[in-house]
Amino acid sequence: MVALGKGLISHTFRIRGDVNANSPFDVPEGSEVEGSLEARRILVAGFVRGPVSARDGIVVLSTGILDGELKGGTIDVQEGATCKGACRVGRRSVGRSEPPPDVVPPENQKWFFQR
Amino acid sequence: MVLPAVSFPDQIRRWTDASPRPNIVACFECGRRSEVPEDAVALFCPWCNAPIEIAPYDVAGLQTHVIRTRGPVIIQTRARYDGPKLVAGRLEIHGVLASEYACEDLILGRLAKLEKPGSQRRVHVMPGGRVEVEFPMEVVEACIGGVLEVPSLDVMGTLYIPRGGAVIARHVGAGGLVLEKGGRLECELDVSPRKRPEEPRADPLPILVVAQPEVGESVGLNPTNP
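Residue numbers (my numbering), protein chains in the order written: chain A, 1 to 115; chain B, 1001 to 1226.
Isolated chain B, as found in the complex (with noise of 0.2 Å):
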């Protein structure tokens, strides 16, 4: 029986080099998705004409303003968001975020502290962290490098831990588990075949109907009364 290669490095690499810009976003009116053109720093939706902001924040002290764009967003070590709900596509935090957040990758660094429960598709926490968590996680994907102390972890894919990191926790659900030599986890394991969310595509451009008139149709006239 042949052992399966895990291509550990790939993943980390995967993470670590992931580009903050993002290719497709959704809307925050219609939520349908579409993708960003190259240089694009604001695009609006091709359906609603809602505007989209893909700038990037950086938070360095204390922000109470909202914050709702699909770019990038760092909170600085030290600094402290307690906004509204904040709206991010990546999340990178070192300092407190005390509010709700939405956001597609959520990067949690070594002083990272979060006071409030949010969303995230894939979580990953750096080497050297020790992060607390009071509320269960749900993600699709989860890189774990430093240590995560929660009460409950609920992967849909793969659970990756590297050498380093930790996962303590009273419950973890995967639908895949790969821990590296020198990481640890200690928990209620519960690694099932489960159905991973697709990949978000951009949805399909919308189509113009011009309106031709008939052959033998004057424009213009009443065709009853000619």
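With the rest of the complex left out, here is chain A (with noise of 0.2 Å):
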């Protein structure tokens, strides 16, 4: 288990095991990971393998190759990336600091089926 805080790797780099970083996360191309990779943004012009999860967002650049699971709240695939797994991207799909605003009713309102 690798934990980073706000630090960032702009080495070449090879990870077995899983990765969590608080901060944005670059794998630069010739890099490689293969575990789960958490952090808030997640930029892959590397290779990946293992379930990944970006609170922000993921952006897979021409030359990455992502194999694994996906959670994020943006996802951006270059054409020419690869890219392959399930994909829950969007609304819900990453914890969250705040929740979403039509989760929350105002205090002062009375649902219809209340009594």
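Hints listed in this document are in silico derivations from the structure and should not be mistaken for laboratory results.
Bear in mind the structure is a predicted one, so any value in this text is a computation, not a measurement.
A portion of the hints provided could be inaccurate.
To be verified - With a straight-line Cα cutoff of 30 Å, these simulated DSSO-like cross-link-like pairs (lysine-lysine) come out: (1) K84(A) <-> K1195(B); (2) K1085(B) <-> K1113(B); (3) K1085(B) <-> K84(A); (4) K1085(B) <-> K1181(B); (5) K1116(B) <-> K1195(B); (6) K1085(B) <-> K1116(B).
Build the complex from these two chains, which are given one at a time in their own frames, with help from the hints.
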């Protein structure tokens, strides 16, 4: 398990294991991650195998290969990239810091079926 | 590493502001493509002389007679087309299309309903719409501003899902994918490099060859018997 704070990795690397980063996380071209990857925002230009979860979004560049389950707020896969796996991207797919506005009713709102 | 810029508003504008009038049309008979003059309402194919209609159609009630045009067709809300295969350039559906179809651009409105499969180059689901399709769709480019429920969606180019859009499918294949914040995608995803078909171009016009008499040959006389 690799836990990262606010630091950024900018070198080419090879990680076998789970990554949990409380910051944006980049996988540069030539780098590999085999294991689950969780970060605020993930940019993939290398190779990732395993479930990927990013609260803010996932970007896969044309050189990127991603093989695993995807969860995120947004996703951008450029043409030329490879991305395979189950995908649940968008609303309610990832835990948010604030709940969506349509779920929380105003305090003084009375429901139709309320007695 | 620099994040790529996603020109999403430009993409949406390209879809919504596209002129319904086609610039290049294919002949219904020989399939060759030719350019449309600016003020033409119909034209003849330069190769086979078959007529090519580019007039617009507006379906407001129940219509069963054939529509075969390269121009735009709009099926209004509460209208229904139940005729032979519908052929159109740009097909905008707000009502029910109960027949097979073939078009370049398919635009699905809020209450659109497709009852039979067809072929299209691009598909656009308008914001606020919810379209359930019971057959798989294959397109070159897709922009899903509403909700599209489909068994499988295969996009040769890029699939765009803006804010408020959603694709719910068992399988989605695409050459590229852009999902804006507020969009939703639930599927088994397969994004891989694909060969995107080229944009249609007009075929070169036929050159009329007129036989010229040879030098010394007199027209109308038999050369073997002067």
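Hint check, failures only: 3, 4
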